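> Below are the chains, spelled out letter by letter.
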Amino acid sequence: MRIALFITCVNDTLFPDTGRAVVRLLERLGHEVVFPEDQTCCGQMHYNTGYRRPATRLAVRFVKTFEGADAVVVPSGSCAAMIRDNYPRLGAGGSRLSRKVAGLAPRVYDLTEFLVDVLGVTDVGAYYPHKVAYHPTCHGLRMLGLGDRPYRLLRAVRGLELVELEGATECCGFGGTFAVKNGDVSSAMGADKARHAVETGAEVLCAVDNSCLMHIGGILSRQRSGMRVAHIAEILASTEKGGSAGPAPDDAPAAKEAVTR
Amino acid sequence: MSASRTGRTPGRGGAAGGGPRGPVPSSRERILGRVRAALADVPSDEPAVRAPGRGFADSHAAGPTLDVFEDRLRDYKAQVRRVPADRVAAEVAAALDRRGAQRVVAPPGVPDAWFDGAAAERLPDSREEPLSVGDLNGVDGVVTGCSVAIAETGTIVLDGSPDQGRRAITLVPDYHLCVVRAEQVVDGVPQAVRLLDPARPLTWISGPSATSDIELNRVEGVHGPRTLEVLLVEAAP
Amino acid sequence: MSATFLGIPPFPEAARAAVDDSRTRHNLRRATHTIRDKRASVVGELNDDWQLLRAEGAAVKEHTLRHLDRYLEQLEESVTRAGGRVHWAADAEEANAIVTRLVKATGETDVVKVKSMATQEIELNNALAEAGITAYETDLAELIVQLGDDLPSHILVPAIHLGRAQIREIFLDQMAEWGTPAPPGLTDDPRALAEAARLHLRERFLRTRTAISGANFAVADSGTLVVLESEGNGRMCLTLPQTLISVVGIEKIVPTWSDLEVFMQLLPRSSTGERMNPYTSTWTGVTPGDGPQEFHLVLLDNGRTDVLADTVGRQALRCIRCSACLNTCPVYERTGGHAYGSVYPGPIGAILTPQLRGMSSAVDEALPYASSLCGACYEVCPVAIDIPEVLVHLREEVSAGRGHLGEKALMAGAEAVFSSSRALGAAQRAAGLGRNLVPGHLPGTAGEWTDTRDVPDVPAESFRSWWNKRGKGQR
Chain B
1 MRIALFITCV NDTLFPDTGR AVVRLLERLG HEVVFPEDQT CCGQMHYNTG
51 YRRPATRLAV RFVKTFEGAD AVVVPSGSCA AMIRDNYPRL GAGGSRLSRK
101 VAGLAPRVYD LTEFLVDVLG VTDVGAYYPH KVAYHPTCHG LRMLGLGDRP
151 YRLLRAVRGL ELVELEGATE CCGFGGTFAV KNGDVSSAMG ADKARHAVET
201 GAEVLCAVDN SCLMHIGGIL SRQRSGMRVA HIAEILASTE KGGSAGPAPD
251 DAPAAKEAVT R
Chain Z
1 MSASRTGRTP GRGGAAGGGP RGPVPSSRER ILGRVRAALA DVPSDEPAVR
51 APGRGFADSH AAGPTLDVFE DRLRDYKAQV RRVPADRVAA EVAAALDRRG
101 AQRVVAPPGV PDAWFDGAAA ERLPDSREEP LSVGDLNGVD GVVTGCSVAI
151 AETGTIVLDG SPDQGRRAIT LVPDYHLCVV RAEQVVDGVP QAVRLLDPAR
201 PLTWISGPSA TSDIELNRVE GVHGPRTLEV LLVEAAP
Chain Y
1 MSATFLGIPP FPEAARAAVD DSRTRHNLRR ATHTIRDKRA SVVGELNDDW
51 QLLRAEGAAV KEHTLRHLDR YLEQLEESVT RAGGRVHWAA DAEEANAIVT
101 RLVKATGETD VVKVKSMATQ EIELNNALAE AGITAYETDL AELIVQLGDD
151 LPSHILVPAI HLGRAQIREI FLDQMAEWGT PAPPGLTDDP RALAEAARLH
201 LRERFLRTRT AISGANFAVA DSGTLVVLES EGNGRMCLTL PQTLISVVGI
251 EKIVPTWSDL EVFMQLLPRS STGERMNPYT STWTGVTPGD GPQEFHLVLL
301 DNGRTDVLAD TVGRQALRCI RCSACLNTCP VYERTGGHAY GSVYPGPIGA
351 ILTPQLRGMS SAVDEALPYA SSLCGACYEV CPVAIDIPEV LVHLREEVSA
401 GRGHLGEKAL MAGAEAVFSS SRALGAAQRA AGLGRNLVPG HLPGTAGEWT
451 DTRDVPDVPA ESFRSWWNKR GKGQR
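Residue numbers (our numbering), protein chains in the order written: chain B, 1 to 261; chain Z, 1 to 237; chain Y, 1 to 475.
Please keep in mind that the hints were generated in silico from the structure rather than gathered at the bench. Computed from a predicted structure; not experimentally measured. Virtual Cβ for every residue (Gly too), placed ideally from N, Cα, C. Treat each hint with caution, since some may be false.
[As the list claims (entries may be wrong)] Among chain B residues calculated to face chain Y with C-beta under 7 Å, some are: (1) Thr13; (2) Leu14; (3) Gly19; (4) Phe35; (5) Cys41; (6) Pro54; (7) Tyr151; (8) Arg152; (9) Val180; (10) Asn182; (11) Asp184; (12) Met189.
[Claimed, not checked] For each label pair, taking beta carbons as the anchor points, the in silico distance ranges come out as: (13) Z:Ala85 with Y:Pro288: 32 to 42 Å; (14) B:Lys131 with Z:Arg82: 53 to 63 Å; (15) Z:Arg103 with Y:Arg101: 34 to 44 Å; (16) B:Gly93 with Y:Gln293: 51 to 61 Å.
Looking at chain B on its own, in the form it has when it is part of the complex (with noise of 0.2 Å):
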């Protein structure tokens, strides 16, 4: 199958580890992946400000990149939430980017659905030996629904030992620009969030978006944690053989190896 790759701005920008994971796996799923130039952001950070237009015309703009795409993968569950369930709220009923939106939107998934529910895999033979716990964010939770499709992927993984973390489906505290208008509050949760991931003895703490693993990878970094946090593609890429495995301590996504520092 080919697959059209929606990295996300952040991804882009702050976490190319990410996406290349995103490509090794597909591609050792034996699926080509493509990466259309043109795209740049899904409005997400616009639209929950209260900035629609500007949203809507990034809404406009995803659509022309990805409209001959056969399906759209997205390595965050809130970039995917956003353009499956916010951009029908865009446009004006009837308009044209609505109409656009409709047949757009059901080929766009976030990475684990993607792989469980369009490839039908939950062992994509990945090797990973470390214990992990997985934080579902909110978008993936609530809007996306991933239900157990994540956790069905890790626990497929050879040598990952998956933990319970507690208080796992309350928010970690990001919201997008919440965690600079409401920082304190933000703040708070988070430091709860990160509370708990550590409290589960991980080494590692995953998740489908790599801006709550920001935010709470920010956290464990000052508080001096010793636990690191990774996008579960970068978990699912990694494989035995040398070159092609996980992240090395030093390319993990976020607030890296506060342990070594």
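Once you've looked at the hints, dock chains Z and Y against the given chain B.
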């Protein structure tokens, strides 16, 4: 769905007082006018009556109705005894005796037979000849029947019928003994709503009075009767 | 004169103080988690039917709102036919004037009150006090707030921010000022505190001849009003006095008695996390010889028709005040209710308050942002109010207004960067070159981030740059 305000009316000050005064429209007309302006988006031919959706089950509890009812009553700290029909008077007498109740109020529809053998004095109360609130505050308890009971929620409903009386008599005394006949118990809330007459003053009672206002811990016993005892009457064997 | 929300700073500032108050946070965490678990358990008992009930609850309310004029007229007719009198109040001032006039007509100077959000909203107690009438709150939590000269911080449990030790202190200090004093040797055992409230209010219930209530539902076809409660203070107020005055928002209507089949299941389970609350009272006008012989219904607009006019925001009027959204909200759990600057705190308050008040202040403008948009509120709402959708909608209203110039510039700048892949690529290269210059602590808004969190290192190479090189290498 942008530009969503269909009719925001400017200003919201208002003339005090209710009735019409000259050319100034009454608040009734103003509010209704604003409601209509606000609903400009609703098509004029949209039906104003809606067929109710009742796809859900009447009840969700497993097990025989009376067992569920008993279990739920106990769960909310009511006392409950299952008694055969020919033992009602004996059980009423025993309950009042255990309670140490000497003067109990009962509405006119409560059969005299229920008090056969009871040592307690029965005080009558009716809409026509009500006891004063002070008198009610001085009695040891109240004995009533009920209108309908709901197993799934452990609820008894009083509707002011002659065997249930005025609302005050089941409120002010600290002890309420309620006699529920097995055939009055329905499985779930929807069935009870269908049986009840909204024109009557209704009191739904699920256990003794309680509060969760202190750290959200449930504590039984505040202003209403602190003890609710239910005699669940089944056909004599 | 009781406390008011005037003067509480906008949410981020008010929240900062609350987050720093470790005792309040402890109380809130305990309380919200307790009720969250209770709700989940009793909602779970209904299995898949919960979603059917929720959908029906939402549909009934939505239908009612879309035909509200008709149902208001029907309710008025039904109540009047049953012996009640109906009054219409366009705003708080008018509602307070009507209630004051009605109380004065009874000749009484004391009234007992059942917990009511509508009368909190219009600050009825202050208006009555100005007219020389004392309103006694009788719900335990309302009593605590009134005695403590405090503000409510929760819809269902207005004293949720207080722990048992604080409540004991308030009772010992204040009960004697208002009536029957607290028993000597009062402990902080919740049973003892509830007993103290019983003793304090007992005589007042038996003596007071006028009561004021709200209502959870007003049934249009039968003219029935419905109050759900737990303690029996509601029954006392609704039953013993001679005169009953109920102040009810116009959105409280349900069309038919049969609709209670739905709402009597949705509300108790969502609200107190019980299968059924201990007491529910329903009354239709006046019943000769039983209960109040004079009944007045005051229908309150006070901004509700403005909410109704907003086709996205309208859904906030479906709210049945269960407070499940507060109990599940991670923001509320950490800030408590006072930070929301309104009697309606939490997620529902964040969408209801600015709409009712008309986005009239910095406090109102900050409320739509008091959420991480995590969606937990929508998930538990028994009438499926899409609170995140309305929050974003209200943010649009704020951003369309004047001010917020820094944010507007930032958003415009971001859009410019995202307007073409070339612009984005250039920005990424610039960031990559400057990556070693980023300090660990940033000034201004960015400092909100770096005060508590490290920033990720900017990678030397963006994904797209890597992809392009890779493509060239492969070709």
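> Confirm or reject each hint.
Structure-based check of all given hints:
The beta carbon of B:Thr13 is positioned within 7 Å of a beta carbon in chain Y (closest approach about 5 Å), and the interface hint is therefore held. The closest approach between the C-beta of B:Leu14 and any C-beta of chain Y is roughly 6 Å, which is under the 7 Å cut-off, so the hint is satisfied. Here the hint on B:Gly19 is kept, as its CB sits about 4 Å from the closest CB of chain Y, short of 7 Å. The criterion of a C-beta within 7 Å of any C-beta in chain Y is met by B:Phe35, whose closest approach is roughly 5 Å, and the hint holds.
The interface hint given for B:Cys41 is met, as the beta carbon of that residue sits about 4 Å from the closest beta carbon of chain Y, less than 7 Å. For the restraint placing B:Pro54 at the interface with chain Y, the shortest Cβ-Cβ distance is roughly 4 Å, inside the 7 Å limit, so the hint holds. A least Cβ separation of about 19 Å between B:Tyr151 and chain Y goes past the 7 Å threshold, and the interface hint is therefore violated. For the restraint placing B:Arg152 at the interface with chain Y, the shortest Cβ-Cβ distance is roughly 22 Å, beyond the 7 Å limit, so the hint is violated.
At its closest, the beta carbon of B:Val180 sits 4 Å from a beta carbon of chain Y; the interface hint therefore holds under the 7 Å criterion. Annotation: B:Asn182 was flagged as interfacial toward chain Y, and the flag holds, the nearest CB pair being 5 Å apart, inside 7 Å. Residue-level restraint check for B:Asp184 holds (minimum Cβ-Cβ distance to chain Y is 4 Å; threshold 7 Å). For B:Met189, the shortest C-beta to C-beta distance to chain Y is roughly 5 Å, which falls under 7 Å, so the interface hint holds.
Between Z:Ala85 and Y:Pro288 the beta carbon distance is about 34 Å. The supplied range of 32 to 42 Å therefore holds. The hint said 53 to 63 Å for the Cβ distance between B:Lys131 and Z:Arg82, and at roughly 55 Å that hint holds. With their beta carbons about 42 Å apart, Z:Arg103 and Y:Arg101 fall inside the hinted range of 34 to 44 Å. For the hinted restraint 51 to 61 Å between B:Gly93 and Y:Gln293, the CB-CB distance of approximately 53 Å keeps it satisfied.
Violated hints, listed in ascending order, are 7, 8; each of the other numbered hints is respected by the structure.
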